[in-house]
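2 protein chains.
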Amino acid sequence: MKILVLGAGQLARMMALAGTPLNLQISAYDVNTDTVVDAISQQKVAHGLTAAIANADVITAEFEHIPLPILDQCQQSGKFLPGAAAIKAGGDRRIEKQLLDAANVQSAAYAIVNTETEFQQAIAELGLPLVFKSALAGYDGKGQWRLKTADQAAALWQDIADFLAADTKQAIVAEKFIPFQREVSLIGARDAKGNISVYPLTENHHVNGVLSTSVIAQASVELQLQAEQIFTKLANSLEYVGVLAIEFFDLKQQLLVNEIAPRVHNSGHWTQQGAEVCQFQLHLRAICGLPLGSTHEIRPTLMVNILGEDTVPTEVLAIAGLQLHWYGKTKRPGRKMGHINLSAANNTELKQQFNQLISLLSPTAFPQLDVMLKQL
Amino acid sequence: MKILVLGAGQLARMMALAGTPLNLQISAYDVNTDTVVDAISQQKVAHGLTAAIANADVITAEFEHIPLPILDQCQQSGKFLPGAAAIKAGGDRRIEKQLLDAANVQSAAYAIVNTETEFQQAIAELGLPLVFKSALAGYDGKGQWRLKTADQAAALWQDIADFLAADTKQAIVAEKFIPFQREVSLIGARDAKGNISVYPLTENHHVNGVLSTSVIAQASVELQLQAEQIFTKLANSLEYVGVLAIEFFDLKQQLLVNEIAPRVHNSGHWTQQGAEVCQFQLHLRAICGLPLGSTHEIRPTLMVNILGEDTVPTEVLAIAGLQLHWYGKTKRPGRKMGHINLSAANNTELKQQFNQLISLLSPTAFPQLDVMLKQL
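Residue numbers (full-length UniProt numbering), protein chains in the order written: chain A, 1 to 376; chain B, 1 to 376.
It is worth saying that the hints were derived from the structure and are not from the lab. Predicted model only: the values in this text are computed from it and were never measured. Accuracy of the hints is not assured; some may be wrong.
Note: identical chains are not told apart, hence a pair may lie in one copy or across any two.
Claimed, not checked - As a list, the in silico BS3-like pairs of lysine-lysine whose alpha-carbon atoms are at most 30 Å apart:
#, residue 1, residue 2
1, Lys44, Lys331
2, Lys193, Lys336
3, Lys2, Lys351
4, Lys252, Lys79
5, Lys331, Lys79
6, Lys79, Lys374
7, Lys44, Lys329
8, Lys329, Lys2
9, Lys2, Lys44
10, Lys374, Lys169
With the hints as constraints, model all of the structure from the sequences given.
Following this line, the structure appears as structure tokens:
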């Protein structure tokens with residue numbers, strides 16, 4: 001089978017690595033350069049997007065920020081999974097919020113803000129503190145503002161007004177600030193027959209708004225069930241096919257959806273070593289109509305993102321249960337360059353190995369890992 | 001780093017899949033077509049062998065039957081690991097036997113046969129039954145003859161004489177027949193500093209002379225140690241760098257070397273799911289001067305070869321702990337087309353899952369799996 005992935009980054013690359021053993025041929029469309037490439041070697045393929053759409057058996061996406069005409073072209077082919085509607089919801093927080101409401105799934109109370117009047121109304125109706133998020137793009141903590149006290153409102157509105165003026169397509173979603181205990185995410189897949197298979201909840205730690213580490217969460221059966229029920233509601237309401245990621249605020253055993261990603265997700269990279277079928281192959285199995293297989297945990301596993309660095313000390317490869325995943329990308333400050341998966345037979349060993357890893361990594365390049373270690 | 005692999009088959013492909021996450025760029029030289037290709041996509045690369053040798057940081061091989069001028073060209077580059085001598089030993093049973101003798105490692109008593117006189121001498125000196133093996137090529141049971149009784153000698157010599165006449169480079173190695181209990185293999189790596197790391201012994205089952213299944217062997221600590229000692233002797237005597245596979249006859253807890261393969265090996269495919277670092281990445285780590293990491297078993301795992309078939313029932317993908325590995329090759333009778341790895345938390349579950357797998361596979365395409373099941 002031939003799969004075309006919209007987006008040619010690390011998620012397409014890891015999909016291809018996981019799909020090659022199933023004889024799935026995976027090419028990727030680089031939105032920035034308008035070229036079709038081999039998802040692993042990045043070698044340019046002889047044909048363009050239209051031919052790639054015609055050649056593909058299935059089309060999917062590795063990210064949400066795809067020009068709408070391309071999404072529509074793919075949708076019209078009848079081969080696009082999870083489909084343009086889900087991708088658009090992932091790329092526009094207004095649509096996402098409507099979708100959560102329509103599926104009767106709880107998330108933070110919100111208001112859409114385009115004008116100063118709407119800005120003031122949001123403050124009056126939702127109360128402070130508030131979080132303002134850009135509707136489009138801006139994941140990884142970009143395009144976010146917090147309002148804690150009323151006296152900062154005027155200055156903040158000026159920032160937001162400038163932001164809106166710079167891009168007329170943008171809007172702002174104001175959300176009530178949620179004093180959450182921790183952030184967890186649930187990743188799973190739904191296939192065309194409605195079968196659903198999810199991984200254990202993952203606990204995520206962010207530094208400066210960017211995911212730093214993920215680890216299989218210590219979670220009660222009830223919490224896992226609660227997450228699965230929300231996943232099922234959402235996936236069914238979207239008639240979703242493929243891997244879907246849901247980020248939650250965990251409010252002392254009650255989950256509130258923060259956001260959804262209609263794709264494989266950074267917080268699911270641990271599944272490459274820690275779960276039976278990894279999220280990349282799970283997605284491909286779902287969109288190709290293959291059995292989903294097992295999403296069970298194999299053993300305790302955590303993931304550490306490598307941000308803005310293109311080397312780590314070679315000695316880390318000597319640590320038992322460690323696998324290094326580089327993305328083959330050019331170094332840029334803060335850029336997601338790769339990740340480390342660390343697995344062990346039990347939590348005690350995982351802590352020891354993580355400790356060993358932390359001692360080898362630069363604390364400036366990998367800040368706050370000790371915070372996560374304490375929580376293991 | 002850039003790696004050039006001599007040979008562009010499934011072993012190069014799986015090396016590339018295991019090496020890409022380490023940002024190793026792996027191209028492969030197809031000996032049959034004299035072209036350099038991407039080891040995964042098989043897309044032809046713009047340059048030929050000489051440029052590929054110049055570009056590569058390290059050169060290695062996925063099989064032994066490589067034309068000598070090419071081996072010598074690679075050797076002269078100073079980048080070839082494990083090096084021409086080891087590859088030649090793997091490709092010529094005469095050299096292999098000399099090497100085992102030189103390393104003081106026990107194997108079946110043998111004689112080299114080029115003429116009828118030598119044929120008769122071998123029978124007289126070694127006694128019956130005897131196995132005659134072609135010195136060059138002919139793995140997977142090809143180019144082998146057995147002599148059980150003296151009255152069959154004249155007819156057999158005629159067959160062997162015809163074989164030798166057809167290829168003047170060939171010779172025959174006559175070996176005393178070993179009434180072994182089972183065949184096991186040890187796979188491991190040695191790096192340039194002399195560090196050695198080996199996997200648990202693997203038990204192998206052949207059908208019609210071709211490997212059918214491999215499983216982590218039930219073996220005493222003493223047997224594992226005996227195998228490791230032989231591995232160490234051989235690898236050190238060759239100053240070997242990379243993955244080396246040794247096949248043994250197990251004579252009730254005493255090991256006799258059957259043959260060696262200076263490369264990743266079919267009986268090590270289970271390590272992709274069953275061991276910390278799989279044999280493909282282990283080989284790359286060794287030849288690139290990276291830490292070898294852990295070769296420990298993660299959990300009970302077995303492998304089933306897919307021979308001559310380009311499909312299996314899709315339902316096998318629903319079995320927990322099952323991973324399917326296709327090689328992207330065109331179907332031919334008996335050809336190694338892919339393999340299945342099956343893992344479980346314990347042996348009881350592994351048996352259950354294997355039973356489930358056997359019930360889904362055609363017994364003509366996958367003969368004698370039940371024999372192996374009983375031995376689990």
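Against the structure, the hints come out as follows:
1. For the identical chains of this complex, Lys44 and Lys331 are neighbours both inside a copy (21 Å) and across copies (28 Å), given an alpha-carbon limit of 30 Å.
2. In this assembly of identical chains, Lys193 and Lys336 lie within 30 Å of each other by CA distance neither inside one copy nor across copies; the values are 35 Å within and 33 Å between.
3. Neither within a single protomer nor between protomers do Lys2 and Lys351 lie at most 30 Å apart by alpha-carbon distance, with minima of 41 Å and 35 Å respectively.
4. In the homo-oligomer, the alpha carbons of Lys252 and Lys79 never lie at most 30 Å apart, since the shortest distance is 41 Å inside one protomer and 58 Å across protomers.
5. In this homomeric assembly, Lys331 and Lys79 come within 30 Å of each other (Cα to Cα) only across copies, at 28 Å, whereas the closest approach inside a single copy is 35 Å.
6. For the identical chains of this complex, Lys79 and Lys374 are neighbours neither inside a copy (46 Å) nor across copies (45 Å), given an alpha-carbon limit of 30 Å.
7. Proximity of Lys44 and Lys329 under a CA criterion of 30 Å is satisfied in both settings, with 16 Å inside one chain copy and 23 Å between copies.
8. Taking the shortest alpha-carbon separations for Lys329 and Lys2, both the intra-copy value of 25 Å and the inter-copy value of 16 Å come in at or below 30 Å.
9. When the C-alpha separation of Lys2 and Lys44 is checked against a cutoff of 30 Å, the pair qualifies both within a copy, at 16 Å, and between copies, at 19 Å.
10. With identical chains, the CA atoms of Lys374 and Lys169 are never at most 30 Å apart, being 43 Å at best within one copy and 66 Å at best between copies.
Checked against the numbered hints given earlier, the structure breaks hints 2, 3, 4, 6, 10 and satisfies all the rest.
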